[in-house]
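K.L.:
Using the sequences and the accompanying hints, generate a full structural model.
From first to last, the protein sequence lines stand for chains A and B. If you count by our numbering, then the first sequence holds residues 12 to 427, one letter each, in order. If you count by our numbering, then the second sequence holds residues 12 to 427, one letter each, in order.
Careful: at least some of the hints might be erroneous.
No copy is singled out in the list; a pair is fine if it fits within one copy or between any two copies.
No farther apart than 25 Å at their CA atoms in a straight line, the calculated lysine-lysine pairs in the PhoX-like style are these [said to hold, decoys possible]:
1. Lys338 - Lys424
2. Lys188 - Lys338
3. Lys122 - Lys99
4. Lys122 - Lys101
5. Lys333 - Lys424
6. Lys161 - Lys333
7. Lys344 - Lys426
8. Lys122 - Lys106
9. Lys340 - Lys25
10. Lys128 - Lys338
In case anyone wonders, no lab produced these hints; they're calculated from the structure.
There are 2 protein chains.
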Amino acid sequence: MIQFENEYLWELDKSLEGIMINTYETILKEKKKGTSGYFTLGSDSLEIMEDAKQLAQTNTFVKQCDTVVVIGIGGSSLGTKAIESIFKHKTAGVKRMLFLENPDEIDLSDKLVSIEKAKTLFCVVSKSGLTIETISIFKEVIEYFELDYKSPQKEQIVAITDEDSALHKFAHQYGIKTYNIPANVGGRFSVLSAVGIVPLTIAGYDTKSILEGASAMAESFFHGKENHLLKKAALLTKHRKEASINVIFSYANCLEDFTKWYVQLWAESLGKVDIYGNHTGLTPIGHIGSVDQHSFLQLIMQGPRDKTVTFIKVEKFEKEIKVPNIKLKFLEKTDYINGFSFNELIDGECEATKESLSHVGINVDKITLDSLNEKNVGRLILYYELLTSLCGIILEVNTYDQPGVEMGKKILKNKF
Amino acid sequence: MIQFENEYLWELDKSLEGIMINTYETILKEKKKGTSGYFTLGSDSLEIMEDAKQLAQTNTFVKQCDTVVVIGIGGSSLGTKAIESIFKHKTAGVKRMLFLENPDEIDLSDKLVSIEKAKTLFCVVSKSGLTIETISIFKEVIEYFELDYKSPQKEQIVAITDEDSALHKFAHQYGIKTYNIPANVGGRFSVLSAVGIVPLTIAGYDTKSILEGASAMAESFFHGKENHLLKKAALLTKHRKEASINVIFSYANCLEDFTKWYVQLWAESLGKVDIYGNHTGLTPIGHIGSVDQHSFLQLIMQGPRDKTVTFIKVEKFEKEIKVPNIKLKFLEKTDYINGFSFNELIDGECEATKESLSHVGINVDKITLDSLNEKNVGRLILYYELLTSLCGIILEVNTYDQPGVEMGKKILKNKF
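P.N.:
Written out as structure tokens, the structure is:
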């Protein structure tokens with residue numbers, strides 16, 4: 012169960028209601044036309060999930076692996092990492108996952124040293140198949156582990172890429188197991204395609220329930236039952252000049268990678284030149300409560316009033332730890348929290364912060380997960396993807412491309 | 012050696028030059044009056060550093076510890092963590108450091124399980140001495156490890172707090188070793204006080220060189236030799252309406268915690284109601300290159316032109332890894348990077364991104380560290396602290412308080 016509540020001080024006028032209706036019609040058309048394929052990944056990915064499960068259970072090499080290495084960057088790793096971070100603490104017997112993302116020498120050498128070749132499956136993930144960081148790191152992995160991709164050792168490599176990409180052709184040439192990313196699913200919307208589902212399933216995560224949660228959210232939305240999403244999209248985009256920054260405050264450490272996934276999704280989808288040639292978009296920031304209350308809250312409260320805040324909280328964790336009933340001399344002022352659980356403390360901090368922001372006129376909303384289970388996380392992923400698409404429609408941008416990064420790529424190539 | 016270069020497209024007019032002169036005079040006065048005490052921590056903390064070193068070398072219990080646990084949140088942990096993250100990979104023989112910050116039940120229980128009581132020193136860090144998260148976690152540590160702070164076991168606790176704080180009184184009552192934070196050094200400016208220096212020194216880091224680097228930067232600035240700082244402060248504040256967001260792109264994974272430290276420093280110091288009653292401030296965002304080029308760059312390039320970007324790069328790491336000279340069939344387009352080091356690749360990405368942003372009219376600057384050594388990091392810390400103070404003076408805010416978080420604290424208390 013997820014609850015969505017908003018306490019927006021902005022009002023929904025007639026013109027916004029019209030925008031909501033048009034936007035809903037547009038996204039229905041997008042779904043029909045297949046503008047983006049992420050809407051139906053909840054069911055489309057079931058087959059891939061079953062195949063990956065089969066591989067993990069029947070392939071002699073994969074079965075005995077204790078580590079799954081994902082070689083990928085950006086949309087090819089962020090979502091997978093987000094899901095792994097949420098569930099690794101609570102899922103018994105999963106394989107360790109390692110992410111080789113950044114071409115950072117310290118990080119790379121530390122991770123390579125920690126990998127035991129004989130027990131590791133390498134997933135190379137690149138939509139285009141030619142991502143320079145990913146393929147360069149893949150080459151390093153080949154050399155470092157003396158990985159012979161032409162021999163039976165190819166079993167320990169899996170390629171996840173677009174059909175007919177260069178990486179696909181390479182994998183096909185040597186009989187390396189390959190999973191395809193649907194052509195109409197962009198990197199940042201791809202976590203529930205083979206990109207995330209394959210490595211997570213092989214590592215032992217309950218991806219089926221994640222997909223079910225995603226399906227449930229998509230179906231509910233396309234049956235007209237998630238009106239709050241349209242309302243949120245209409246308000247955030249309409250007031251984008253006065254509130255150009257959308258902060259997420261997640262009250263759980265294990266959601267930190269999820270907020271990074273959100274930052275990519277929001278920034279890269281909406282930061283665009285619109286059809287009239289204007290620079291538009293909304294700026295995402297991800298924070299963790301209560302830690303970052305000691306960092307960023309002062310600015311939201313008293314700085315420029317250019318932010319909205321979404322609070323994400325979890326009602327119940329599996330492990331409950333109570334603040335002990337200990338009275339320390341001179342520290343009695345802290346005793347009011349004794350006997351309550353740490354989650355009640357963090358919950359209280361979330362509520363208190365939300366109320367104080369609301370009190371001074373800052374627009375906030377709240378997403379409550381009754382627990383951090385797979386279905387809820389699947390729902391939450393679809394929630395943010397749909398919200399992003401809706402905002403993109405209203406902003407009149409192409410939500411699914413990223414032309415702004417091309418210039419840098421060209422300049423880079425000329426440097427070598 | 013650190014190099015500071017800016018490629019601002021904004022011009023420095025006469026009025027800004029006047030502001031720079033006035034600001035410099037004001038900060039000289041602040042230093043003289045002791046408005047903040049961080050300016051001289053480079054030398055002021057030497058004594059504390061020596062004392063902590065002594066403790067680590069002569070105290071039988073501390074000597075055999077292999078773990079230093081910091082119990083603290085916000086300014087009491089961020090800076091320490093930033094320094095540890097930078098140097099843990101390259102400093103031989105250091106003790107493991109663990110940070111108990113957030114009252115997060117999963118994080119807390121995972122970390123508690125990983126601690127071996129007999130080999131762990133606990134540093135409780137709270138400026139006010141009554142931080143609710145910190146003292147509650149301290150109570151949990153006492154109960155979980157059956158830590159008897161009234162017995163000789165008190166040797167394994169160190170308190171770092173303001174003189175005469177409640178925590179100070181508690182520690183004094185039971186003879187617990189205490190280090191004081193100077194009254195005029197606020198949490199987010201305190202990393203080079205006992206807050207960071209004590210745990211880092213005990214863990215075995217070369218804090219002396221960090222302090223020397225800080226001293227060198229402060230002296231150089233107060234001898235009028237860092238004019239670029241005044242220029243940057245004048246330009247960033249003057250153009251704060253059009254460019255309200257200051258992004259740091261650090262091209263090294265180990266600088267991620269440093270960017271979090273920057274976010275706190277910038278947000279909490281400058282996000283204020285100014286002396287005229289206006290909400291003012293600048294919004295900090297921290298990113299890591301090249302990973303986040305695949306996430307946030309599109310928004311900077313094509314979204315609203317409301318951002319400046321500072322690139323931080325490291326010229327040389329200790330470990331060099333070259334992209335192997337491997338040609339993979341169908342992937343030949345990536346071969347242009349073969350034979351170059353991964354650091355040359357990441358460097359190229361940094362330059363290419365900077366140039367592409369500059370090309371479309373976005374204001375950027377660059378900080379280059381010749382290597383990630385202690386002196387450079389000390390300099391960099393002072394650089395950002397001074398820059399923050401200068402911006403605060405121009406914005407006419409109190410850089411050193413944080414009144415905006417008080418309302419939340421009051422509401423929190425009423426919830427229990």
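K.L.:
Run every hint past the structure and note whether it holds.
P.N.:
Quick rundown of the hints versus the structure:
1. For a Cα distance limit of 25 Å, the shortest separation of Lys338 from Lys424 across copies, 17 Å, qualifies, whereas the shortest one inside one copy, 64 Å, does not.
2. When the C-alpha separation of Lys188 and Lys338 is checked against a cutoff of 25 Å, the pair qualifies only between copies, where the shortest distance is 20 Å, while the shortest distance within a copy is 61 Å.
3. In the homo-oligomer, the alpha carbons of Lys122 and Lys99 lie at most 25 Å apart both inside one protomer (18 Å) and across protomers (14 Å), since each shortest distance falls under that limit.
4. In the homo-oligomer, the alpha carbons of Lys122 and Lys101 lie at most 25 Å apart both inside one protomer (23 Å) and across protomers (15 Å), since each shortest distance falls under that limit.
5. For a Cα distance limit of 25 Å, the shortest separation of Lys333 from Lys424 across copies, 17 Å, qualifies, whereas the shortest one inside one copy, 56 Å, does not.
6. Within a single copy, Lys161 and Lys333 get their C-alpha atoms only as close as 56 Å, which misses the 25 Å cut-off; across copies the closest is 23 Å, which meets it.
7. Taking the closest pair of Cα atoms, Lys344 and Lys426 come within 25 Å of each other only across two copies (15 Å); inside a single copy the shortest separation is 61 Å, beyond that limit.
8. For the identical chains of this complex, Lys122 and Lys106 are neighbours both inside a copy (16 Å) and across copies (20 Å), given an alpha-carbon limit of 25 Å.
9. Proximity of Lys340 and Lys25 under a CA criterion of 25 Å is satisfied in neither setting, with 60 Å inside one chain copy and 59 Å between copies.
10. For the identical chains of this complex, Lys128 and Lys338 are inter-copy neighbours only, at 22 Å across copies versus 52 Å inside a copy, given an alpha-carbon limit of 25 Å.
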